[in-house]
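Counted from 1, the sequence shown has number 182 at position 182 by my numbering; the numbering is strictly sequential.
Bear in mind the hints are in silico, worked out from the structure with no lab data behind them. Cβ coordinates follow ideal geometry from the N, Cα and C atoms, glycine included. Incorrect hints may appear among the rest.
As the list claims (entries may be wrong) - Okay, derived cross-link-like pairs now, BS3-like style, lysine-lysine, Cα gap no bigger than 27 Å in a straight line:
{"#": "1", "residue 1": "181", "residue 2": "78"}
{"#": "2", "residue 1": "269", "residue 2": "172"}
{"#": "3", "residue 1": "35", "residue 2": "62"}
{"#": "4", "residue 1": "107", "residue 2": "184"}
{"#": "5", "residue 1": "78", "residue 2": "259"}
{"#": "6", "residue 1": "225", "residue 2": "89"}
{"#": "7", "residue 1": "210", "residue 2": "38"}
{"#": "8", "residue 1": "35", "residue 2": "96"}
{"#": "9", "residue 1": "172", "residue 2": "184"}
{"#": "10", "residue 1": "78", "residue 2": "268"}
{"#": "11", "residue 1": "181", "residue 2": "118"}
{"#": "12", "residue 1": "268", "residue 2": "96"}
{"#": "13", "residue 1": "107", "residue 2": "167"}
{"#": "14", "residue 1": "96", "residue 2": "167"}
{"#": "15", "residue 1": "184", "residue 2": "89"}
{"#": "16", "residue 1": "167", "residue 2": "114"}
{"#": "17", "residue 1": "129", "residue 2": "118"}
{"#": "18", "residue 1": "225", "residue 2": "39"}
{"#": "19", "residue 1": "62", "residue 2": "51"}
{"#": "20", "residue 1": "203", "residue 2": "89"}
{"#": "21", "residue 1": "167", "residue 2": "183"}
{"#": "22", "residue 1": "266", "residue 2": "203"}
{"#": "23", "residue 1": "89", "residue 2": "102"}
{"#": "24", "residue 1": "78", "residue 2": "118"}
{"#": "25", "residue 1": "225", "residue 2": "235"}
As the list claims (entries may be wrong) - FRET-style restraints, in silico, Cβ to Cβ:
{"#": "26", "residue 1": "101", "residue 2": "138", "range": "55 to 65 Å"}
{"#": "27", "residue 1": "168", "residue 2": "138", "range": "39 to 49 Å"}
{"#": "28", "residue 1": "240", "residue 2": "89", "range": "36 to 46 Å"}
{"#": "29", "residue 1": "269", "residue 2": "79", "range": "40 to 50 Å"}
{"#": "30", "residue 1": "241", "residue 2": "271", "range": "27 to 37 Å"}
{"#": "31", "residue 1": "168", "residue 2": "140", "range": "32 to 42 Å"}
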Amino acid sequence: MKRYALRSMAAAVFALLLFASMSTAAAAASYELSKTVKKSFDAMTESAGGKLRTQLNGQYGKWLELQERIRGSEAELKSLQQANDESLKAIRERIKRIDEDKIAPLKQSAAETKERYKPLLDSYTAVNKQIEAARPLQNKELNAMLRMQADSLKIPVQLARSDMKAKDAALKAAKDAAAAKQKKARDTLEAIEAHEEAIKAEKTAAAAVKKSLDADWKTFAPLVKQGDANGSSEKLAAMLDRLEQLARHKTNMVEAENKIAAVIEKAKKLLPGA
Numbered sequence: 001m002k003r004y005a006l007r008s009m010a011a012a013v014f015a016l017l018l019f020a021s022m023s024t025a026a027a028a029a030s031y032e033l034s035k036t037v038k039k040s041f042d043a044m045t046e047s048a049g050g051k052l053r054t055q056l057n058g059q060y061g062k063w064l065e066l067q068e069r070i071r072g073s074e075a076e077l078k079s080l081q082q083a084n085d086e087s088l089k090a091i092r093e094r095i096k097r098i099d100e101d102k103i104a105p106l107k108q109s110a111a112e113t114k115e116r117y118k119p120l121l122d123s124y125t126a127v128n129k130q131i132e133a134a135r136p137l138q139n140k141e142l143n144a145m146l147r148m149q150a151d152s153l154k155i156p157v158q159l160a161r162s163d164m165k166a167k168d169a170a171l172k173a174a175k176d177a178a179a180a181k182q183k184k185a186r187d188t189l190e191a192i193e194a195h196e197e198a199i200k201a202e203k204t205a206a207a208a209v210k211k212s213l214d215a216d217w218k219t220f221a222p223l224v225k226q227g228d229a230n231g232s233s234e235k236l237a238a239m240l241d242r243l244e245q246l247a248r249h250k251t252n253m254v255e256a257e258n259k260i261a262a263v264i265e266k267a268k269k270l271l272p273g274a
């Protein structure tokens, strides 16, 4: 339980950090030419003519398309993370409350039974103490009277203890059954950790790709301003490769988050009333 609580807390912290980093990445992931540079790009493309013009227009069109795809993945990822966080919070609460409607009345019954028999058990204990205290006195009449009282209480006490034992056993059985169900559901949720690690790895890889992409992007505008059509096309081709990698990493994150959602649904089906 303690290990699971710590892992859940770590997962929650990771989710918050990941969400924050995704928000930053989403804001910084837009690579758009300024109006001035775009005007230069259009003029350079038109001057290039022929196959190169077609190539440049195609590359830039794909560049914009990939960015739109990435933005879509980031929006989907954000939505999935929020939904999964809420679902996890809800299911963990449900897991804690498994069979509480069965356990509560049994717990109350056991407590009430103990309270009901307490005077009887206290009397039996008191009589036995009196017997022990009276033994050194060697008073046969007193000893006989106390022994008679103890004997008269013996069967009721045995029945009382048997009743309490049965109530305690029923309560323990209900608690054990609930604990087994809780363990099964929590064990199922453990699969989430592997998908969280996958998201973390994809995020790290995406950050590395983006760092290279940022560096290339800074050198792209000067090429356009210089009217270097061939250089611009080569740079665009290299950046498109990286942008496609970035898009794949974002898609992989979405897939991992969808797998987390599937694990949560699997765990839900294990809960009573599912």
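Review point. Can you name, in rising order, the numbers of the hints this structure does not satisfy?
Key: 1, 6, 8, 11, 24, 29, 30
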